[in-house]
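Chains A and B are the protein sequences, given in the same order. Numbering-wise (this note's numbering), the first sequence opens with residue 1 and increments by one. Numbering-wise (this note's numbering), the second sequence opens with residue 1 and increments by one.
Honestly, the hints are just simulated from the structure, not real lab data. Note that CB positions come from ideal geometry on N, CA and C, so glycine has one too. Check the hints yourself; a few may be wrong.
So the derived label-pair ranges between C-beta atoms look like this [as the list claims (entries may be wrong)]:
| # | chain 1 | residue 1 | chain 2 | residue 2 | range |
| --- | --- | --- | --- | --- | --- |
| 1 | A | Ala188 | B | Arg77 | 55 to 63 Å |
| 2 | A | Ile149 | B | Arg77 | 37 to 45 Å |
| 3 | B | Lys48 | A | Phe166 | 51 to 59 Å |
| 4 | A | Arg142 | B | Ser8 | 31 to 39 Å |
| 5 | A | Leu115 | B | Ser8 | 52 to 60 Å |
| 6 | B | Tyr68 | A | Glu3 | 22 to 30 Å |
Chain B is nowhere near these chain A residues, computed Cβ spacing over 12 Å in every case [what the hints assert, rightly or not]:
| # | residue |
| --- | --- |
| 7 | Thr18 |
| 8 | Ile28 |
| 9 | Ala34 |
| 10 | Leu85 |
| 11 | Leu105 |
| 12 | Gly111 |
| 13 | Val118 |
| 14 | Gly138 |
| 15 | Ala139 |
| 16 | Lys143 |
| 17 | Pro181 |
| 18 | Trp184 |
| 19 | Ile200 |
| 20 | Ser205 |
| 21 | Phe207 |
List time: in silico BS3-like cross-link candidates among lysine-lysine, alpha-carbon distance up to 30 Å [said to hold, decoys possible]:
| # | chain 1 | residue 1 | chain 2 | residue 2 |
| --- | --- | --- | --- | --- |
| 22 | A | Lys54 | B | Lys61 |
| 23 | A | Lys143 | A | Lys10 |
| 24 | B | Lys57 | B | Lys35 |
| 25 | B | Lys57 | A | Lys54 |
| 26 | B | Lys57 | A | Lys10 |
| 27 | B | Lys35 | B | Lys79 |
| 28 | B | Lys61 | B | Lys35 |
| 29 | B | Lys48 | A | Lys54 |
| 30 | A | Lys10 | B | Lys61 |
| 31 | B | Lys79 | B | Lys61 |
| 32 | B | Lys61 | B | Lys48 |
| 33 | A | Lys10 | B | Lys48 |
| 34 | A | Lys54 | B | Lys79 |
| 35 | B | Lys79 | A | Lys10 |
| 36 | B | Lys35 | B | Lys107 |
| 37 | A | Lys143 | A | Lys54 |
| 38 | B | Lys102 | A | Lys54 |
| 39 | A | Lys10 | B | Lys35 |
What follows is each chain in one-letter form.
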Amino acid sequence: MNELERHVEKLFRHQPDTPETQELREEILSNLQAKREDLLAQGMDERAATEAAKRDIPSVDGLIDDQQTTNVERYRMACAQTVWLHCILFWIGTLPLLFTGYGWLGTVGLGLSVLSGVGYLLFWLLHPVMQGTRSLAGARRRKSMAWRIWGVFYAVAALSVAAMTFGSNLWYGTPVTIEGPYQWAVMASRFYVPLLTVLIPLTVSRFAALLPQYRVEG
Amino acid sequence: MEEQTIHSDLIRGHIDAILLRILRDGDHYGYGLMKQVLTLSDGQYELKEPSLYTSLKRLEKQGSIESYWGDESQGGRRKYYRITPQGRAQYDEALAQWQWAKEIITKLLGGNDR
Numbered sequence: 001m002n003e004l005e006r007h008v009e010k011l012f013r014h015q016p017d018t019p020e021t022q023e024l025r026e027e028i029l030s031n032l033q034a035k036r037e038d039l040l041a042q043g044m045d046e047r048a049a050t051e052a053a054k055r056d057i058p059s060v061d062g063l064i065d066d067q068q069t070t071n072v073e074r075y076r077m078a079c080a081q082t083v084w085l086h087c088i089l090f091w092i093g094t095l096p097l098l099f100t101g102y103g104w105l106g107t108v109g110l111g112l113s114v115l116s117g118v119g120y121l122l123f124w125l126l127h128p129v130m131q132g133t134r135s136l137a138g139a140r141r142r143k144s145m146a147w148r149i150w151g152v153f154y155a156v157a158a159l160s161v162a163a164m165t166f167g168s169n170l171w172y173g174t175p176v177t178i179e180g181p182y183q184w185a186v187m188a189s190r191f192y193v194p195l196l197t198v199l200i201p202l203t204v205s206r207f208a209a210l211l212p213q214y215r216v217e218g
Numbered sequence: 001m002e003e004q005t006i007h008s009d010l011i012r013g014h015i016d017a018i019l020l021r022i023l024r025d026g027d028h029y030g031y032g033l034m035k036q037v038l039t040l041s042d043g044q045y046e047l048k049e050p051s052l053y054t055s056l057k058r059l060e061k062q063g064s065i066e067s068y069w070g071d072e073s074q075g076g077r078r079k080y081y082r083i084t085p086q087g088r089a090q091y092d093e094a095l096a097q098w099q100w101a102k103e104i105i106t107k108l109l110g111g112n113d114r
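For reference, chain B alone in the conformation it holds in the complex (with noise of 0.2 Å):
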């Protein structure tokens, strides 16, 4: 749980990148995303629902995901969010922007010496 606190501020900047990347794939609802973020970390890392729903509000607001509702019949209405062109263009920017950071830290930090 500390690990994960430790890690989480590096993450952190990443949550509108990691979503996009989701939904990149198809559509989702809230819990999904989270259930999703679980999964491709291999249950390393936990979105925490605050975080989750301030980036989906800022990712709609810049116009990178649409909200519709679903049809659920029982229990409450889903927000399903679909990721948009400009959403797409925004997630390969950031991808190409994580691996040029990645390999300049890394050479940086000296990671390949170890």
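Here chain A stands alone, though its shape is the one from the complex (with noise of 0.2 Å):
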């Protein structure tokens, strides 16, 4: 693969793979490909000529028709069992915390799991036949925003257990003292119970990898 066959590549690595989409990316290279042998045939060097074709094309986002025609009521239900599928592993996920004052987190993993269950069970059973446009686009600006928005949460949570478990001993200059397994558990689990919140922007990343499977051609 050349480079510009790279760049065409990066362009549409997050556009649905559609008839049009791949008809544009060809012509689209094959634009740029003439362009550099332009470029090359004027007396430009190769590295130029390469820049100059891949300067003028940076995004294709505006060319596509981002509003896709959605069989909403399969997608919704794609969604709910993605629901129902991380609240289970958010309850698998509480289990190691049993032992230790988070166990109360377990009762709560197993509440969502049932109750989501229900949620998709209603979805499947009363689901009305429903098409619309879903916009590509947004559900790809969703992901990043949660995945930003955990990122800066995780950071803050982990600095600040952080900051409550060893700021003792970095004011008194004390060492960090851990008397044994349980301590250990007990340490580990600070860090990971905020860490369990993880599976929120997953399941925003999930439907956002979901909504071009029930793309509607028409």
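Now that you have both chains on their own, put them together as the hints suggest.
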């Protein structure tokens, strides 16, 4: 794969794989190649010609129909299933906490799993046939937003836990003492509990990944 | 470069008609059209690729142009565009409108006084 092919590959990385986007991709690549050859023929060196061709088309977002006709009913069901699955994962994730002060989170996990399971079942029973348009770029934006917020949240949470746990040791210059495996587990659990919230951005990511699969051709 | 950015707003609204004019004289693929715009404007106006694709897509949707793939053996296949009778009519219309507007704007801006 040459550099222009890589560039075009990158431009289309987050675009849905449809006949139209494939055609546009082939068209853009052949035009960039033609431009590069033309610049080379005019005496430009290889490096500069490739860069000049790439510079002209920094993004294809505006060129692709972002509004996707979507089978909303099946898409929502897939999303509900994801939520259910992630609630179960959360519950499983809380199991190691049973013998720490966070044991109650297991109950929360179980409750969420049952609730989202019932929700999914209801969707499945009364799914109204529905079609609508959904924005692909919007789904991608929500995904990156969710990850950014979560990243900040976890950084703050981990730092404050660290400050709480080791703050006095730093302040008074005393060594950190961990008395045995139970203490270890307690300390680790403080970092682990906020980490479990990673399932939230994972859910939003999954929503974005599912959307192109429920495209309706038409 | 800056000069071109100022002027390009005036030109942008006419890109469809410019492309139709070029296609009236023969079929072209994307880069060929861009080169032709540069040549016809004596190197003063460079059509950017995003505007090119947006315009081509719109014209094709309207039925003013049609596309077909070339049979290049090496390099990527090229997508060529051909003008339709409707495209020719659209071009004539655009040209007539431009001549009318040009006359009025010249009068209104007092371009003939100087």
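Structure-based check of each hint:
1. A:Ala188 - B:Arg77: 55 to 63 Å: holds, 58 Å
2. A:Ile149 - B:Arg77: 37 to 45 Å: holds, 44 Å
3. B:Lys48 - A:Phe166: 51 to 59 Å: holds, 56 Å
4. A:Arg142 - B:Ser8: 31 to 39 Å: holds, 34 Å
5. A:Leu115 - B:Ser8: 52 to 60 Å: Once the Cβ atoms are compared, 56 Å apart, the range 52 to 60 Å for B:Ser8 and A:Leu115 holds.
6. B:Tyr68 - A:Glu3: 22 to 30 Å: This hint holds: roughly 28 Å between Cβ atoms.
7. Thr18: Check passes; 14 Å lies beyond 12 Å.
8. Ile28: violated, 7 Å
9. Ala34: violated, 4 Å
10. Leu85: A:Leu85 clear of chain B: closest Cβ-Cβ about 39 Å, beyond 12 Å.
11. Leu105: About 50 Å separates A:Leu105 from the closest Cβ of chain B, which puts it past 12 Å; holds.
12. Gly111: Non-interface label on A:Gly111 holds, nearest chain B Cβ at 51 Å vs cutoff 12 Å.
13. Val118: Its Cβ never comes within 12 Å of chain B, the nearest being 46 Å, so this holds.
14. Gly138: About 20 Å separates A:Gly138 from the closest Cβ of chain B, which puts it past 12 Å; holds.
15. Ala139: holds, 23 Å
16. Lys143: Nearest chain B Cβ is 24 Å from A:Lys143, so the label holds.
17. Pro181: Holds, because the least Cβ-Cβ distance between A:Pro181 and chain B comes to about 61 Å, which exceeds 12 Å.
18. Trp184: Given that every Cβ of chain B is farther than 12 Å from that of A:Trp184, nearest at about 57 Å, it holds.
19. Ile200: At about 35 Å from chain B, A:Ile200 clears the 12 Å cut-off, so the statement holds.
20. Ser205: Non-interface label stands for A:Ser205: nearest chain B Cβ at 28 Å, farther than 12 Å.
21. Phe207: holds, 29 Å
22. A:Lys54 - B:Lys61: OK: A:Lys54 and B:Lys61 at ~27 Å, within 30 Å.
23. A:Lys143 - A:Lys10: holds, 19 Å
24. B:Lys57 - B:Lys35: With a Cα-Cα distance of about 19 Å, the restraint between B:Lys57 and B:Lys35 holds, given a limit of 30 Å.
25. B:Lys57 - A:Lys54: The hint holds at about 21 Å.
26. B:Lys57 - A:Lys10: holds, 22 Å
27. B:Lys35 - B:Lys79: Within the cut-off at roughly 15 Å; holds.
28. B:Lys61 - B:Lys35: The given pair, whose Cα atoms are some 23 Å apart, holds under the 30 Å limit.
29. B:Lys48 - A:Lys54: With Cα atoms ~12 Å apart, B:Lys48 and A:Lys54 stay inside 30 Å; holds.
30. A:Lys10 - B:Lys61: holds, 27 Å
31. B:Lys79 - B:Lys61: holds, 16 Å
32. B:Lys61 - B:Lys48: The given pair, whose Cα atoms are some 20 Å apart, holds under the 30 Å limit.
33. A:Lys10 - B:Lys48: holds, 19 Å
34. A:Lys54 - B:Lys79: holds, 19 Å
35. B:Lys79 - A:Lys10: Holds - the C-alpha atoms of A:Lys10 and B:Lys79 are around 21 Å apart, at most 30 Å.
36. B:Lys35 - B:Lys107: violated, 33 Å
37. A:Lys143 - A:Lys54: Roughly 27 Å between the alpha carbons, so the hint for A:Lys143 and A:Lys54 holds.
38. B:Lys102 - A:Lys54: violated, 36 Å
39. A:Lys10 - B:Lys35: holds, 25 Å
Checked against the numbered hints given earlier, the structure breaks hints 8, 9, 36, 38 and satisfies all the rest.
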